[in-house]
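Take the sequences, apply the hints, and build the full model.
Residue numbers (the numbering used here), protein chains in the order written: chain A, 7 to 244; chain B, 1320 to 1421.
The set of hints was computed from the structure by calculation and includes no laboratory data.
Since we're looking at a predicted model, the values are computed, not measured.
Wrong hints could be hidden among the right ones.
[As the list claims (entries may be wrong)] Covered stretches of chain A, as calculated for chain B (at least 3 residues, CB under 8 Å): (1) 176 to 183; (2) 202 to 211.
[What the hints assert, rightly or not] Rough simulated footprint, nothing fancy, chain B against chain A, three-plus residues with beta-carbon under 8 Å: (3) 17 to 30; (4) 80 to 93; (5) 102 to 109.
[Claimed, not checked] Not close to chain B: a few residues of chain A, all C-beta gaps over 10 Å, as computed: (6) 11; (7) 14; (8) 36; (9) 139; (10) 140; (11) 147; (12) 154; (13) 156.
Glycine included, every Cβ here is placed at the ideal spot set by N, Cα and C.
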Amino acid sequence: MTEGTYRDGFRAILPLMPAVAAFGASFGVLARAAGVDVLAAVVMSATTFAGSAQFAVVSVLGAGGTAAAAIGAAILLNGRYVPMAVAASGAFRGGPLRRLIEAQLLVDESWALSSREGGFDTKVLVGAGGLLYVGWNAGTAAGVLAGDGLTDPATLGLDAAFPALFLALLAPLVRSGSDRRPLTAAVLGAGIALVLTPVSPAGVPVIAATAACLLGFTRPRRAAARRAPAGRPQEARS
Amino acid sequence: MSTVWLCVLVVGAATVTIKASGPVLAAGRELPGSTARVVDLLAPAVLAALVATQAFAGDEELVLDERAAGLVAAGVAILLRAPILVVVLVAALTAAGLRAVS
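If you want it as structure tokens, here you go:
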């Protein structure tokens, strides 16, 4: 596999930047509407840098919810980053401080773009994540300053851009070769998420869907060959 | 401290910790073979779950709206091997167009 560059990450994420900036701006607008002051909104985008969790916090606070409810919702939404960051951990280089800073640039989009067979490419992750960081924070600043004057990103269809991007990143992973497990993991992951969406708090469906990767422990052919010998009564019955 | 700042600081600190714990503690270590195969399947599982939730999730309910139409249009563009920019644009324009006429 050829190693990617920061520039590769940069270029790969470029198509999504208008949508990212627009959602950063809409976070700024919603934060102000929920009574979050300008500095708090800007600090939140700079430190949390995870859209869904930030929207959850301002919507809970805006509806009069408690700090505990807002924090709980945000941590559930960001819980998916535990397995995602652990999966990418082997690719980070340098001292602890550099790894800590670079890891902050891990979000869904940069993580998916930097995923390679057998590992992750941190230069692509940092390049894509860095540009996302700039766009998200610039958008937030514009949103808190401009206020209600901005167009709702949904009017422009920008909320449909994110699932489209994730589908485009998913397609080559499930298309390739003889191993059907990536496709099975994808179908299982989507199924788990859809089943849990109506019955669990936001964030839980995606965390639970990560369990689909445990399929990686299966080795169908060898397992079948070893257990095949003498006829097993259960199999004969079914 | 105000409720808002309490949320901003706790969520910020928690997120920094969540993202950094793996990379700081386990950097540079190669994963053992069986774990690597599991990790290889994490990307398709997470991406499919993100597609599902971002296209069909409402407020703790499943909804079928313009995002779904955008996703179908994106799927067609992907089958036609369109570049990602085109895929994303097609989805956004489809959703925006349907919202404009409805």
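Hints versus structure:
1. 176 to 183: holds (count 4)
2. 202 to 211: That given contact holds, which follows from 7 residues of the stretch 202 to 211 of chain A lying within Cβ reach (below 8 Å) of chain B.
3. 17 to 30: holds (count 5)
4. 80 to 93: Holds, because 12 residues of the stretch 80 to 93 of chain A bring their Cβ atoms closer than 8 Å to Cβ atoms of chain B.
5. 102 to 109: Since three or more residues must qualify, the claim that chain B covers the stretch 102 to 109 of chain A holds, with 5 doing so at under 8 Å.
6. 11: Non-interface label stands for residue 11(A): nearest chain B Cβ at 18 Å, farther than 10 Å.
7. 14: With a cut-off of 10 Å, residue 14(A) remains clear of chain B, as the shortest Cβ separation is near 13 Å.
8. 36: Given a closest Cβ separation of 13 Å, the condition holds.
9. 139: 12 Å, holds
10. 140: 18 Å, holds
11. 147: 15 Å, holds
12. 154: Correct as stated: the minimum Cβ-Cβ distance to chain B is 19 Å, above 10 Å.
13. 156: 15 Å, holds
No hint from the list above goes unmet by this structure.
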